[in-house]
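Read off the chains here:
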Amino acid sequence: AQKITQTQPGMFVQEKEAVTLDCTYDTSDQSYGLFWYKQPSSGEMIFLIYQGSYDEQNATEGRYSLNFQKARKSANLVISASQLGDSAMYFCAMREQPRGNQFYFGTGTSLTVIP
Amino acid sequence: ETGVTQTPRHLVMGMTNKKSLKCEQHLGHNAMYWYKQSAKKPLELMFVYNFKEQTENNSVPSRFSPECPNSSHLFLHLHTLQPEDSALYLCASSQGPVAGGSSYEQYFGPGTRLTVT
Numbered sequence: 001a002q003k004i005t006q007t008q009p010g011m012f013v014q015e016k017e018a019v020t021l022d023c024t025y026d027t028s029d030q031s032y033g034l035f036w037y038k039q040p041s042s043g044e045m046i047f048l049i050y051q052g053s054y055d056e057q058n059a060t061e062g063r064y065s066l067n068f069q070k071a072r073k074s075a076n077l078v079i080s081a082s083q084l085g086d087s088a089m090y091f092c093a094m095r096e097q098p099r100g101n102q103f104y105f106g107t108g109t110s111l112t113v114i115p
Numbered sequence: 001e002t003g004v005t006q007t008p009r010h011l012v013m014g015m016t017n018k019k020s021l022k023c024e025q026h027l028g029h030n031a032m033y034w035y036k037q038s039a040k041k042p043l044e045l046m047f048v049y050n051f052k053e054q055t056e057n058n059s060v061p062s063r064f065s066p067e068c069p070n071s072s073h074l075f076l077h078l079h080t081l082q083p084e085d086s087a088l089y090l091c092a093s094s095q096g097p098v099a100g101g102s103s104y105e106q107y108f109g110p111g112t113r114l115t116v117t
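For the protein sequence lines, the chains are A and B, in the order given.
Numbering-wise (this note's numbering), the first sequence opens with residue 1 and increments by one.
Numbering-wise (this note's numbering), the second sequence opens with residue 1 and increments by one.
A couple of the hints might just be wrong.
[What the hints assert, rightly or not] Across the chosen pairs, the derived CB separations fall in these ranges:
no. : chain 1 : residue 1 : chain 2 : residue 2 : range
1   : A       : T5        : B       : K22       : 32 to 40 Å
2   : B       : H73       : A       : P40       : 25 to 33 Å
3   : A       : K70       : B       : N17       : 46 to 54 Å
4   : A       : T20       : B       : S38       : 23 to 31 Å
[As the list claims (entries may be wrong)] Okay, derived cross-link-like pairs now, PhoX-like style, lysine-lysine, Cα gap no bigger than 25 Å in a straight line:
no. : chain 1 : residue 1 : chain 2 : residue 2
5   : A       : K3        : B       : K40
6   : B       : K22       : B       : K41
7   : A       : K3        : A       : K70
8   : B       : K36       : B       : K18
9   : B       : K22       : B       : K36
10  : A       : K3        : B       : K41
11  : B       : K52       : B       : K19
12  : B       : K52       : B       : K36
13  : B       : K36       : B       : K19
14  : A       : K73       : B       : K41
15  : A       : K3        : A       : K73
16  : B       : K40       : A       : K73
17  : B       : K52       : B       : K18
18  : B       : K22       : B       : K52
19  : A       : K3        : B       : K36
For the record, the hints were derived by calculation from the structure and aren't laboratory data.
The beta carbon of each residue, even a glycine, is placed where N, CA and C say it ideally should be.
From just these sequences and the hints, can you work out the full model?
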């Protein structure tokens, strides 16, 4: 079974609007971490935000926030006030504590910001 | 240099060639990773090293041979590759697994775009 599922291959958003990128995960572990990465066309993966399985509050980093719904096993990324530079691939990832060196990535969502 | 660096950035090689990819991290991390990224596929984890010891090998063909001489350097030796091996190869580093260590994110290099002809 897929550990990380991203069901939106491509998304479009108007500049200055907010957008939500979906991510669901599958794990039976109690302790795990969820991550979002951005990959511009240059290829480098850029870390955006982290959510721990025991964190009670949703993580926020500037214009990025993570909508964490543990019971539903979802960790959606919300980008507020989209900018043209936000156009990129976005990947959701998970790290399970018992297997701490293993990161699982989704297939990614391509976000295009329209001026 | 800061962060994670990879050389070369682009590589074209024939199926009979031997080449090596190099990765270096300047972050004081103890875990390093090789990933393969092909179009429309999830990142494929190839190898993981923790404190220079290989801890993961995800059924990677023997034509890919990793080497980790120390916690800061990681190599991927390539020989007799196939055209389907053409992809972006990403190196990453992180803090290794410690108690409560699921919070440590990976830092990635810019990747090597490999084309096998």
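Check each numbered hint from earlier against the structure, then list the numbers of those it violates in ascending order. Of the numbered hints given earlier, the structure breaks none, since each of them holds.
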